[in-house]
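Taken in sequence, the protein lines are chains X and F.
Per my numbering, the very first residue in the first sequence carries number 1; after that it's consecutive.
Per my numbering, the very first residue in the second sequence carries number 1; after that it's consecutive.
Calculated from the structure, these hints are not laboratory results.
Quick caveat, the model's predicted, so the values are computed rather than measured.
A hint or two may mislead.
What the hints assert, rightly or not - Okay, derived cross-link-like pairs now, DMTMM-like style, lysine to aspartate or glutamate, Cα gap no bigger than 25 Å in a straight line:
| id | chain 1 | residue 1 | chain 2 | residue 2 |
| --- | --- | --- | --- | --- |
| 1 | F | 83 | X | 160 |
| 2 | F | 83 | X | 193 |
| 3 | F | 86 | X | 94 |
What the hints assert, rightly or not - Calculated Cβ distances over 10 Å to all of chain F for the following chain X residues:
| id | residue |
| --- | --- |
| 4 | 74 |
| 5 | 164 |
| 6 | 165 |
| 7 | 175 |
| 8 | 176 |
| 9 | 190 |
| 10 | 194 |
| 11 | 196 |
| 12 | 225 |
| 13 | 248 |
Backbone N, C-alpha and C define an ideal beta-carbon position, used for all residues, glycine too.
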Amino acid sequence: MNVIETSGLGKRYGSTWALRNFTVAVPAGHVAALVGPNGAGKTTLLNLAVGLARPTAGAVNVLGGEPAGSPAALDGIAFVAQDAPLYKNLPAADMLQLTGNLNRRFDHGYAQERLAELGIPLKRRAGKLSGGQQAQLALTLALARRPRLLVLDEPLANLDPLARHDFMGMVLAAAAEDGMSVVLSSHVLAELERVADYLILVSGGRVQVAGEVDELLARHRVLTGPAAEAGRIAQRLSVVHARRAEAQAHLLVRTGGPGDPVPPGWEAHPVSVEELVLAYLREPGAAALPGPARTQKAEPTEVSR
Amino acid sequence: MADGPAGATPPDAGGGDGDTPLARSASPIEFRLDTASGVPTYLQLVHQVEHALRLGYLKPGDQLPKVRDAVASLAINPNTVLKAYKELETKGLAVGRPGQGTFVQATLSQVALPELATLRRSLLAWLGTADAAGLDEDGIVALFTSALRDFFERRGAPGRRGTSDSQKEGVA
Numbered sequence: 001m002n003v004i005e006t007s008g009l010g011k012r013y014g015s016t017w018a019l020r021n022f023t024v025a026v027p028a029g030h031v032a033a034l035v036g037p038n039g040a041g042k043t044t045l046l047n048l049a050v051g052l053a054r055p056t057a058g059a060v061n062v063l064g065g066e067p068a069g070s071p072a073a074l075d076g077i078a079f080v081a082q083d084a085p086l087y088k089n090l091p092a093a094d095m096l097q098l099t100g101n102l103n104r105r106f107d108h109g110y111a112q113e114r115l116a117e118l119g120i121p122l123k124r125r126a127g128k129l130s131g132g133q134q135a136q137l138a139l140t141l142a143l144a145r146r147p148r149l150l151v152l153d154e155p156l157a158n159l160d161p162l163a164r165h166d167f168m169g170m171v172l173a174a175a176a177e178d179g180m181s182v183v184l185s186s187h188v189l190a191e192l193e194r195v196a197d198y199l200i201l202v203s204g205g206r207v208q209v210a211g212e213v214d215e216l217l218a219r220h221r222v223l224t225g226p227a228a229e230a231g232r233i234a235q236r237l238s239v240v241h242a243r244r245a246e247a248q249a250h251l252l253v254r255t256g257g258p259g260d261p262v263p264p265g266w267e268a269h270p271v272s273v274e275e276l277v278l279a280y281l282r283e284p285g286a287a288a289l290p291g292p293a294r295t296q297k298a299e300p301t302e303v304s305r
Numbered sequence: 001m002a003d004g005p006a007g008a009t010p011p012d013a014g015g016g017d018g019d020t021p022l023a024r025s026a027s028p029i030e031f032r033l034d035t036a037s038g039v040p041t042y043l044q045l046v047h048q049v050e051h052a053l054r055l056g057y058l059k060p061g062d063q064l065p066k067v068r069d070a071v072a073s074l075a076i077n078p079n080t081v082l083k084a085y086k087e088l089e090t091k092g093l094a095v096g097r098p099g100q101g102t103f104v105q106a107t108l109s110q111v112a113l114p115e116l117a118t119l120r121r122s123l124l125a126w127l128g129t130a131d132a133a134g135l136d137e138d139g140i141v142a143l144f145t146s147a148l149r150d151f152f153e154r155r156g157a158p159g160r161r162g163t164s165d166s167q168k169e170g171v172a
């Protein structure tokens with residue numbers, strides 16, 4: 001089952017396409033990270049998936065074929081928008097009551113237990129809580145709806161390291177317990193490696209890379225060797241991004257797998273998620289969709305040192 | 001997976017006003033992560049279990065940390081913990097019991113805890129001598145590693161179990 005599936009999805013604001021011909025399928029049972037530069041269309045995609053916006057073109061289905069925004073879809077999805085929106089004047093207890101009244105399903109016991117664990121006083125106004133606590137309150141409200149899919153837009157952006165850790169711990173524990181799927185957008189690359197097992201790289205309103213993290217890592221490597229041979233290697237292999245100094249070059253290349261032969265005189269190193277994401281972000285023309293195919297014929301630009 | 005109200009359990013680190021004493025998991029060990037090591041997370045978990053088995057922190061029948069607890073305290077993907085536990089099952093070291101958790105099935109430690117403590121004491125005494133002779137930490141490691149290699153080469157293959165990584169853990 002796919003928790004989010006789009007085909008030819010497009011969203012135009014005025015004369016600008018925020019998302020165009022966007023086709024992706026996010027399988028269930030993953031913590032999927034949506035990564036891309038500012039303005040790439042991440043928030044637009046999430047808003048379309050949770051039913052807060054309507055597509056200009058194409059379609060988006062969720063939870064195995066429910067149209068986004070339909071009652072069945074709304075029941076199964078919880079969404080925490082950027083900056084953890086809460087009614088700042090309402091005490092935490094009233095936020096629970098309100099959310100409970102507005103939703104068909106809401107687990108008050110779960111919510112109260114979590115808030116007690118987190119040490120969030122029920123009588124305190126939401127606006128008076130610390131930034132970390134506000135995020136945790138918003139997350140608690142979302143999780144108490146017992147969603148099958150949790151969607152988070154930049155959940156970590158304004159949190160300190162400890163709050164980030166505890167926030168993600170809570171998300172992941174809920175995923176482990178209930179088999180809930182998670183789709184989140186994030187700029188915090190260093191943490192993605194631990195958190196996400198599915199990656200969707202968006203750039204310029206299109207999917208650039210999508211796949212399971214383990215598989216993506218196994219299908220890429222960095223080759224280090226003499227700069228003089230880099231051009232020749234680049235003709236034979238699929239180079240995503242090249243960094244070249246006078247003598248030495250590092251090429252991030254796609255491979256068939258770890259068993260692929262290494263060119264003589266070159267060293268092969270495994271890539272990290274961060275390295276992989278940065279390489280693709282620097283090369284918006286390179287794509288690793290289902291197969292190792294490049295969307296554009298253009299040679300990757302080279303960054304000289 | 002039913003389990004108690006075990007919250008996220010960062011060992012000290014505020015955030016939850018130290019509300020965790022009762023929530024301690026049933027497992028004798030707790031995982032930690034070395035994000036700078038470059039070792040994949042699931043392998044770190046596998047190594048930590050093996051290490052704990054060697055040093056006697058874990059013995060057959062003991063429960064490994066519940067997936068939910070490990071995930072909450074380390075903020076890692078649940079599939080990573082599942083992958084580590086599957087690997088331990090493949091190695092015959094652990095077994096999953098549906099609805100209960102994953103339990104230690106075999107042991108890696110060749111000697112009992114009291115013996116280990118005695119060996120540790122004599123090693124510490126030796127380290128004191130080496131320190132007094134003027135060896136620094138790197139020097140001690142180099143000397144120990146080379147002596148270890150000599151010892152097992154002279155004795156022949158049996159008794160030498162494992163790979164370079166068990167050797168590294170022995171030194172650490």
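Hints, one by one, checked against the model:
Of the supplied pair hints, the one linking residue 83(F) and residue 160(X) is violated, its CA atoms being roughly 29 Å apart against a limit of 25 Å. This hinted pair checks out: residue 83(F) and residue 193(X) have alpha carbons roughly 15 Å apart, not beyond 25 Å. Distance hint between residue 86(F) and residue 94(X) is unfulfilled; the C-alpha atoms sit about 44 Å from each other, more than 25 Å. For residue 74(X), the shortest C-beta to C-beta distance to chain F comes to about 25 Å, beyond the 10 Å cut-off, and the non-interface label holds.
Not every CB of chain F lies more than 10 Å from the CB of residue 164(X), the least distance being 8 Å, so the non-interface label is violated. Taking the minimum C-beta to C-beta distance to chain F, about 5 Å, the non-interface status of residue 165(X) is violated against the 10 Å cut. Listed as outside the interface, residue 175(X) is inconsistent with that label: its C-beta sits roughly 6 Å from the nearest C-beta of chain F, within the 10 Å cut-off. Once the 10 Å rule is applied to beta carbons, residue 176(X) is inconsistent with being away from chain F; the minimum gap is 4 Å.
A beta-carbon of chain F is positioned within 10 Å of the beta-carbon of residue 190(X); the least distance is around 8 Å. At roughly 5 Å from the closest C-beta of chain F, the C-beta of residue 194(X) falls inside 10 Å, breaking its exclusion from the interface. Look at residue 196(X): its CB is around 7 Å from the nearest CB on chain F, not clear of 10 Å, so calling it non-interface is violated. Look at residue 225(X): its CB is around 21 Å from the nearest CB on chain F, clear of 10 Å, so calling it non-interface holds up.
At the 10 Å boundary, the C-beta of residue 248(X) stays outside the reach of chain F, the nearest C-beta of that chain being 21 Å off.
This entry does not satisfy hints 1, 3, 5, 6, 7, 8, 9, 10 and 11, going by the numbered hints stated previously.
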